[in-house]
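Protein chains in written order, with the working numbering: chain A, 488 to 1015; chain B, 2 to 391.
Since the hints were made in silico from the structure, they are not lab data. Careful, some of the hints might be misleading.
[As the list claims (entries may be wrong)] Derived pair list, reagent style BS3-like, types lysine-lysine, alpha-carbon separation capped at 27 angstroms:
#, chain 1, residue 1, chain 2, residue 2
1, A, K551, B, K375
2, A, K572, A, K512
3, A, K826, A, K923
4, B, K242, A, K877
5, B, K375, A, K826
6, B, K242, A, K878
7, A, K817, A, K923
8, A, K817, A, K980
9, A, K721, A, K574
10, A, K691, A, K703
11, A, K574, A, K563
12, B, K211, A, K563
13, A, K610, A, K691
14, B, K356, A, K877
15, B, K375, A, K721
16, B, K260, A, K878
17, A, K574, B, K375
18, A, K964, A, K721
19, B, K260, A, K876
20, A, K831, B, K242
21, A, K831, B, K260
22, A, K923, B, K260
23, A, K877, A, K923
24, A, K876, A, K703
25, A, K691, A, K569
26, A, K876, B, K242
27, A, K817, B, K375
28, A, K964, A, K703
29, A, K817, A, K878
30, A, K512, A, K611
[As the list claims (entries may be wrong)] With the C-beta cut set under 7 angstroms, the calculated list includes, among others, these residues of chain A facing chain B:
#, residue
31, L865
32, R867
33, I900
Computed from a predicted model, the values in this text were never measured in an experiment. Quick reminder that beta carbons are idealized off the backbone N, C-alpha and C, glycines included.
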Amino acid sequence: MTVTAVKTGAAPPAASPEVVLRAEKITKVFPGTVALDNVNFNVYRGKVNVMVGENGAGKSTLMKIIAGVEQATEGKLLLNGKPIKIKSVLDAGRHGIGIIYQELNLFPNLSVTENIFMAHEIKKSGVLIDEASQKERAAQLIARLRQPIDPNDIVGDLRIGHQQIVEIAKALALDIEILIMDEPTSALSASEVEVLFEVINELKSQGVAIVYISHKMDELMQIGDYITVLRDGKLRAERPMSEIDLSWIIEEMVGRNPASLFADRQQTFGDELLRVEDMTLHRVGGGYMVDHVALTLHHGEILGIYGLMGAGRSELMECLAGLRPEASGKVWLDGEPVKANSVKERIDLGVAYIPEDRQRDGLVQTMSVADNMLLASLQRYLSGFLLSKKKEASNVERLIGELSLKVADPQQIITSLSGGNQQKVVIAKGLLTNPKILLMDEPTRGIDVGAKSEIFDIMGRLAAEGLGVIFISSELKEVLGMADRILVMSKGKITGEFSRAEATEEALVSASAIGHGVKTLEVEHESS
Amino acid sequence: MSQAETVAPIKNSRKFTMTDFQQLLLQARAYIALVVVISVFSFLSEAFLTPANIIIVASQVAINAILGIGMTFVILTAGIDLSVGSVAGLIAMIAGGLINEGLVLPMFGIIVYFQVWAVILISLACGALVGAVNGIIITRFNVTPFIATLGMLYVARGLALLRSDGNTYPNLVGKPEFGNEGFPLLGSGTFLPSDVVNGWMQSMSGSMPKILVDSLTFLALPYSVWIMIGFTIVAAIVLTKTPFGRQVYAIGGNERAAKLSGIRVDRVKVIVYMISGLCAGMVGLLIASKLVAAHPATGVFFELNAIAVVVLGGTSLMGGRGNIGGTIIGAFIIGALSAGMVMVGVSSFWQQVIKGSVIVLAVIVDQIQAQMQKRVALQQQQRLELATQE
């Protein structure tokens, strides 16, 4: 791979390309977790610097630090060898660092030009906006990206792919040297991805360093020049892309021998616990979020649901948990038809839901560990009209023991726990409702490896006690290692069902891509 | 279990540090402020800390405290109730009308007069009903509490004025032939008649130390103070010892998580606004009873006092944090400050400046404490991690 002339001409193209930005020994501590632990990261000029890692590995946090959204607890940033302080997004822009988030940050009601110059308008005599120069400059920027977009168009009317181009143009308007792209292709169609890659190559040739974050391995291999792997907040490795292959990436990302994480389980299932037929949830603006889904679950069974983001997995769980009263479909619990359709009633029937986003949906941050645990089952601790301290304390203690929760004092505030322990509190809250079914949406997201395997242990133990567990995971190894049976979802439909014996990574991945129109081999899948 | 036990000693062996002390000071800030206010004024004015004056201040405090109790429930859910002053006015007018004019039922051609206890119950129920309307508008129609209760502020005031065409119901003593006498007792009555207590005091003065004799005055506490005490105890128990109270805190802390925990968020919120309406109604009754007249402008701007005492008591406007005890202390701080400044002779213009400054200062200190709490939580977590690594 040859590098064409670098725009600035400051450094001649050499065998080892120039590092434009270096993050040194970055540590970031959040209440509840250490997101980054002593991480180094190099950004090479005129290259695509790929960053990969599992969910919660710390990629986004590192990007936020570079982009000025967050500040590092420790460590420094070196731009062209000189230490810099980035205290805000504005600072980052001044240093030539731009970021494009997974969710586009555009004003759909304004024109392309207005979006590009938002908050740094070109002004006439310092007061009025100079529309003419803005339009001219916008046209230049878009021309640089070689896309047929009219600067006068309203952004909301553009295709998603073109909106992304506008984001890039917005960043370029600031004369950036470094452009961070966080999962830029997650909303794009295959042809739009091709266009984006052309734009990236164009930018590379102009000397812009790209930092590219994605989960899609084939894309990374295609576009990347350098790859940095993070795992559990630590730097694993940095290599030129030419030296490595897909299996190396996966090994570095996942690291451990995945099998060791999962407890061996006896697979003896009881009677049918849950039967769902025709579960349907309409999408606002047409189509389905959950498209006529049917599934069954037995006592003692762990059912894994795999799929890409937006496949409808979380929505399916929300339907089961009673969060989506507008959903239609038939549900039987232990053979009895279920009419109740509110969260409260479903909890009373024995359905406990562990939401995906702990902070937003699972915990009350102002309350103590104990109060959070008890929240869903307060009626059980009444004596007369009042809550009995004794009943509360004994239940809290029992669950702390059962889940080996690491907590000094149950009355301490919930935010003082680490991510894994917080997750255990959410699980404890669910278990205290005496559930028959545990619905877990990404139960190991953002927690460290040790806590992960503990959570898996707990799941296995609960299943052995006769509970039915349904869990969602985006991590193949988890689903393969933990589930007795795996359902794959794509575009709201169940596109594959595999027993533990049948399931392979390839089979799951191709089933999850059905309906996406991406180059993929159609797989035969049977629903047994 | 084993982990929990190995970790526990870490906490116990910890020394009492400077941060702990600062935290303690910050947590007790409302009490400290109250003590400071009382000490300053009792130093400046001899009459300030006399039993007679304390009773006067306490019965004034009762108004703000009762409104503040209702407001605490609302603010704990991260809501606000701007209508309480107007509701107090409306309820005063409803009670006044029931006593002086009775309930006119034109379709039957009769007028019903209720006994005083029934008037009180009906009025309180009306207060709760107005609160229910607030709550339903907020939860059913997704109107923010600020706007919904701002609307109710005008509507209730308008209804209060409409009730008597803008006139006052004077002389709410009732008539023996209607059997509805005794309403003024609510606002100015005491459990032990004050002349009885005065008699005891006279007979004992001489044989007993003066302080003891003076303190007998407290036996003649007005009903309004007893009502405040009663409301405080019930509210504190409801908030700390019942599932409902726990749910109020949870909704204010994280409404989504509360909903996912099976809490019927809408129902809890409606009840919370009903409590606020009921407290406002109680205040309307107390004022009408004390003045022996119901004026449609009763309670103008009371909502602001109520919010002030809640905030002063350390309850966060973001919801989820705070307690009834703080609100009561807050009400006493405002009460003692107002009474003290009057007694010392601070100009009424300066009184407003000082009151306003105290409220803002209280919130600034709150923020400092919140920051500190975050830091302590972080330290706690790090200690815990260190301990479990070993």
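Against the structure, the hints come out as follows:
1. K551/A - K375/B: Holds: K551/A and K375/B sit about 21 angstroms apart, inside 27 angstroms.
2. K572/A - K512/A: holds, 14 angstroms
3. K826/A - K923/A: holds, 17 angstroms
4. K242/B - K877/A: Measuring from Cα to Cα gives roughly 12 angstroms; hence the hint holds.
5. K375/B - K826/A: This hinted pair is violated, its Cα atoms lying about 44 angstroms apart.
6. K242/B - K878/A: Within the cut-off at roughly 12 angstroms; holds.
7. K817/A - K923/A: OK: K817/A and K923/A at ~18 angstroms, within 27 angstroms.
8. K817/A - K980/A: Between K817/A and K980/A the Cα gap is close to 16 angstroms, so the pair holds against 27 angstroms.
9. K721/A - K574/A: holds, 23 angstroms
10. K691/A - K703/A: Given pair K691/A, K703/A holds - Cα atoms ~20 angstroms apart, limit 27 angstroms.
11. K574/A - K563/A: Measuring from Cα to Cα gives roughly 12 angstroms; hence the hint holds.
12. K211/B - K563/A: violated, 72 angstroms
13. K610/A - K691/A: violated, 30 angstroms
14. K356/B - K877/A: violated, 43 angstroms
15. K375/B - K721/A: Holds. K375/B to K721/A sits at ~25 angstroms (cutoff 27 angstroms).
16. K260/B - K878/A: Holds: K260/B and K878/A sit about 23 angstroms apart, inside 27 angstroms.
17. K574/A - K375/B: Status holds; Cα separation ~21 angstroms.
18. K964/A - K721/A: holds, 20 angstroms
19. K260/B - K876/A: Distance of about 24 angstroms is within 27 angstroms: holds.
20. K831/A - K242/B: The given pair, whose Cα atoms are some 21 angstroms apart, holds under the 27 angstroms limit.
21. K831/A - K260/B: holds, 8 angstroms
22. K923/A - K260/B: Holds. K923/A to K260/B sits at ~20 angstroms (cutoff 27 angstroms).
23. K877/A - K923/A: holds, 26 angstroms
24. K876/A - K703/A: Between K876/A and K703/A the Cα gap is close to 51 angstroms, so the pair fails against 27 angstroms, i.e. violated.
25. K691/A - K569/A: holds, 23 angstroms
26. K876/A - K242/B: holds, 9 angstroms
27. K817/A - K375/B: Distance of about 46 angstroms is beyond 27 angstroms: violated.
28. K964/A - K703/A: Since the Cα atoms of K964/A and K703/A sit roughly 16 angstroms apart, the hinted pair holds (cutoff 27 angstroms).
29. K817/A - K878/A: Violated - the C-alpha atoms of K878/A and K817/A are around 37 angstroms apart, more than 27 angstroms.
30. K512/A - K611/A: violated, 44 angstroms
31. L865: This interface hint holds because 4 angstroms falls under the 7 angstroms limit.
32. R867: violated, 10 angstroms
33. I900: Constraint on I900/A satisfied, holds at 5 angstroms.
When each numbered hint is compared with the structure, violations occur for hints 5, 12, 13, 14, 24, 27, 29, 30, 32.
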